[in-house]
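Q: Required output: the full structure, derived from the provided sequences and hints.
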Amino acid sequence: MSGAIRVRFAPSPTGALHIGGVRTALYNYLFARQQGGTFILRIEDTDQKRYVPGAEAYIIEALEWLGLEFDESPAKGGEYGPYRQSERKAMYGEFAEKLIENGWGYYAFDTEDELTQKRAKLEAQGQVFKYDASTRLDMNNSLSMPEAAWKQKIADGVPYVVRLMVPLDYGLVIFDDEVRGQITFNSTELDDKVMLKADGMPTYHLANIVDDYHMKISHVIRGEEWLPSTPIHVLLYEALGWKADMPKFAHLPLILKPEPTTYISKRTVNTFTDKFTKEFVKKYPETENKAPKIEGTIRTILQDIKNLANHLKQEDGEPKLNANIKAFLKSAMKGKLSKRDGDRLGMPVFPLDWNGATADDNFKGFREWGFLPSAVLNLLALLGWNSGDEQELFTLDELVQKFSFARVSKSGAQFNYEKAKWYNQQYIINSENATLLEFIRPIFKDKEQDLSEEALLGVAQLLKQRVNFLPEFHEQSAFLFQSLDLEALKEKEGKNLRKKVFNKWADSKESCQTLKTMLSSIDSFEADNIKTELEKSIEQNGFEKRLILPILRYAISGKGGGPELDGIMALLGKNETLTRLNNFFEFCDKELETV
RNA sequence: CACCCAUUCGUCUAAUGGUUCAGGACCCUACCCUUUCACGGUAGAAAUACGGGUUCGACUCCCGUAUGGGUGACCA
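Residue numbers (our numbering): 1107 to 1701.
These aren't lab readings, by the way, just hints derived from the structure by calculation.
There's no promise every hint is true.
As the list claims (entries may be wrong) - Dumping the calculated DSBU-like pairs for lysine-lysine here, alpha-carbon to alpha-carbon at most 35 Å: (1) Lys1665 to Lys1622; (2) Lys1303 to Lys1195; (3) Lys1615 to Lys1642; (4) Lys1553 to Lys1527; (5) Lys1596 to Lys1622; (6) Lys1680 to Lys1665; (7) Lys1606 to Lys1527; (8) Lys1651 to Lys1610; (9) Lys1570 to Lys1615; (10) Lys1551 to Lys1598; (11) Lys1349 to Lys1516; (12) Lys1651 to Lys1622; (13) Lys1303 to Lys1224; (14) Lys1680 to Lys1651; (15) Lys1622 to Lys1605; (16) Lys1601 to Lys1637; (17) Lys1680 to Lys1642; (18) Lys1470 to Lys1259; (19) Lys1182 to Lys1470; (20) Lys1605 to Lys1615; (21) Lys1525 to Lys1508; (22) Lys1642 to Lys1570; (23) Lys1259 to Lys1204; (24) Lys1665 to Lys1596; (25) Lys1182 to Lys1322; (26) Lys1637 to Lys1622; (27) Lys1299 to Lys1354; (28) Lys1224 to Lys1182; (29) Lys1322 to Lys1349.
Unchecked claim - Restraint ranges, calculated between C-beta atoms of paired labels, are given here: (30) Ser1517 to Glu1597: 44 to 54 Å; (31) Glu1220 to Ser1335: 20 to 30 Å; (32) Lys1227 to Ala1110: 45 to 55 Å; (33) Gln1567 to Asp1613: 33 to 43 Å.
Predicted model, so just to flag it, every value in this text is computed and none were measured.
Don't be surprised by glycine CBs; every beta carbon is placed ideally from N, CA and C.
A: Now the structure itself:
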């Protein structure tokens, strides 16, 4: 082996690329950059039936958004192209033939229908059909019939496939995985996988090995779902005489679906109730009337039970929650993350919005949701990997430096929306204003709100610390750019308004007017200035902050909560601030009269 | 059903046989800061799946059980 590090990300263009795939791409990228290696995109489109137009473009756009740049790809080209398997079609047949020459393969004429029927028949008897050493001589192939017969079939144009012949007594297939260590399969468990399909296209297995070999791939970094087919791949390297050039393997843990934030199903609740009464109440009869309400999210239930268990622990010294119940609750929450989950759980699981052909092939993306690409990179990197210390926030460069297979975890990781939200918030808070503006500007433009750079910057600074997602900059700043509808406000916030404003108005009216007059006399209407003047005035006059400031807040923002008053006023400008105060004060007067 | 992989707070994870009544982060609770909402700070609740073994000593190694996941296509 030459020693040069070359890795590939090899997706199939069969739909939107989901975050598991994005993370695979990221880990490939990190490893390549760290080792001074080459990061390659190869499109695995050998299955025409599943090809989805637009999927390849989506993959490229998604990775571009995240800033993961390829060194070699279909678009960019490279020394080892083409990088789309459909364009390499011509070269695979040769290696299928070579398999047969080397005594590692054979022609098979069984049709798909025949095989499906066979499988169905055996399945009905509770058995599983395997095309392998134990059955291959009973099948329709070049091993089970005389040479003249199968040669004639081929000459007659009868469709055939080429299968890998797993040697009868090969023994154990052993290989090393960079994250999981030594993995062992017994070759008797393997079946004679199809290598070349009847349409002349290779299957994943053949194409993958042939391409990895020719592209001089040094490390195959992919999802754990490939682990069971890796022994086939190892055998293929041997069959083609490439064993010495076999890449190293690294199988990444799966990303599991998040815990449901919605209510769990009735059925789950019932199952749970059964388990609970049987195993828990029976063990602790005294808990029968103290059982938690069986409703809400799984998490709520779990918390209730744990509280109860702790409560009991104090009473009678029984220490632990029944292991069966715990295991059951855990199992109810797990499962592989699927496309549907994103919509069901009200969070994105794709990098970008995806609009497929059918109504249910539409998904929300992180980008459109308002995530920063750097935050997505960070949170994805930490889903299955950690630096070993207590650092949580990493730049891409830091990730490149610190990444290692040894610190990739072996078990699947549940995607967690709350933590994703936190990452994004941290990235927004820590962003340079200039960077932030690049992301915010298009949002306002989309909503056809034309703000000056100065106003944009003001909004960014004002809301930076209280926003989780980018679109909130627009939503939460709306009140700054449209005059307040006081009647609507009364409708919506009536109760709070009465409590914090109207009931206090008689006592605070004068103070408010004083502050207004003071504000009107400020020449340089900047946040700092307003703040000091406001505080000075409040102190000098002996006003009560708790009384006055909420009123001013409602007057200028129409809300009970939000950013600092001085910041809002400065952004509004002196005129608008005074107008809003005037309007609101009049409104209060009127309100008081009518009561 | 078979094979493979996995199993530390609710979640992501640290501790690679001995500075551990198991550390950090998210979530949750309380308090502080604050006109408010956030941010920030302090504190708290919260875990080694179970059972055996090996060892002076086990979260860590071995075996079994349970649970979860993956795979079992002329899909990738």
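Q: Taking the hints in turn, state whether each one holds.
A: Do the hints match the structure? See the list:
1. Simply put, Lys1665 and Lys1622 have alpha-carbon atoms about 19 Å apart, close enough for the 35 Å limit, and the pair holds.
2. A distance of roughly 12 Å separates the Cα atoms of Lys1303 and Lys1195; the hinted pair therefore holds under the 35 Å criterion.
3. Between Lys1615 and Lys1642 the alpha-carbon distance is near 19 Å, which keeps this suggested pair within the 35 Å criterion.
4. With a CA separation close to 24 Å, the supplied pair Lys1553 and Lys1527 stays within the 35 Å bound.
5. For the proposed pair Lys1596 and Lys1622, the alpha carbon gap of about 22 Å is at most 35 Å, so the pair holds.
6. Between the alpha carbons of Lys1680 and Lys1665 the distance comes to roughly 19 Å, so the proposed pair stays at or under 35 Å and holds.
7. For the hint linking Lys1606 to Lys1527, the alpha-carbon distance of about 32 Å falls within 35 Å, and the restraint holds.
8. Using a Cα cut-off of 35 Å, the hinted pair Lys1651 and Lys1610 holds, with the two alpha carbons roughly 13 Å apart.
9. With a C-alpha separation of about 33 Å, the suggested pairing of Lys1570 with Lys1615 holds against the 35 Å cut-off.
10. Our distance criterion of 35 Å between C-alpha atoms is met by Lys1551 and Lys1598, whose separation comes to about 29 Å.
11. Proposed proximity of Lys1349 and Lys1516 is supported: the alpha carbons are some 26 Å apart, at most 35 Å.
12. Between Lys1651 and Lys1622, the direct Cα distance comes to roughly 15 Å. Compliance with the 35 Å bound is thereby established for this hinted pair.
13. Simply put, Lys1303 and Lys1224 have alpha-carbon atoms about 19 Å apart, close enough for the 35 Å limit, and the pair holds.
14. Restraint check for Lys1680 and Lys1651: satisfied, since their Cα atoms lie roughly 21 Å apart, inside the 35 Å limit.
15. With a C-alpha separation of about 22 Å, the suggested pair Lys1622 and Lys1605 falls inside the 35 Å cut-off, and the hint holds.
16. For the given pair, Lys1601 sits about 29 Å from Lys1637 by alpha-carbon distance, which is consistent with the 35 Å threshold.
17. For the hint linking Lys1680 to Lys1642, the alpha-carbon distance of about 18 Å falls within 35 Å, and the restraint holds.
18. In summary, the hint linking Lys1470 to Lys1259 is not supported, as the alpha carbons are separated by about 51 Å, beyond the 35 Å threshold.
19. This hinted pair checks out: Lys1182 and Lys1470 have alpha carbons roughly 28 Å apart, not beyond 35 Å.
20. Taken as a hint, the Lys1605 and Lys1615 pair is honoured in the structure, with Cα atoms around 15 Å apart against an allowance of 35 Å.
21. Between Lys1525 and Lys1508 the alpha-carbon distance is near 21 Å, which keeps this suggested pair within the 35 Å criterion.
22. For the hint pairing Lys1642 with Lys1570, the CA-to-CA distance comes to about 27 Å; that is within 35 Å, so the pair holds.
23. A hinted pair counts as satisfied when its Cα atoms are at most 35 Å apart, and Lys1259 with Lys1204 qualifies at roughly 20 Å.
24. Proximity of Lys1665 to Lys1596 is assessed by CA-CA distance (about 11 Å); at most 35 Å being required, the pair is judged to hold.
25. For a cut-off of 35 Å, the pair hint linking Lys1182 to Lys1322 stands: about 18 Å separates their Cα positions.
26. For the hint linking Lys1637 to Lys1622, the alpha-carbon distance of about 13 Å falls within 35 Å, and the restraint holds.
27. Distance hint between Lys1299 and Lys1354 is fulfilled; the C-alpha atoms sit about 22 Å from each other, no more than 35 Å.
28. With a C-alpha separation of about 46 Å, the suggested pair Lys1224 and Lys1182 falls outside the 35 Å cut-off, and the hint is violated.
29. Distance hint between Lys1322 and Lys1349 is fulfilled; the C-alpha atoms sit about 13 Å from each other, no more than 35 Å.
30. In this structure the supplied range 44 to 54 Å holds for Ser1517 paired with Glu1597, their Cβ-Cβ distance being about 52 Å.
31. Against the hinted window of 20 to 30 Å, the Cβ-Cβ separation of Glu1220 and Ser1335 comes to about 24 Å, which satisfies the hint.
32. Between Lys1227 and Ala1110 the Cβ separation comes to about 51 Å, which falls inside the hinted range of 45 to 55 Å.
33. Here the CB-CB span from Gln1567 to Asp1613 is close to 34 Å, well matched to the stated 33 to 43 Å.
Going through the hint list in order, the structure does not satisfy hints 18, 28.
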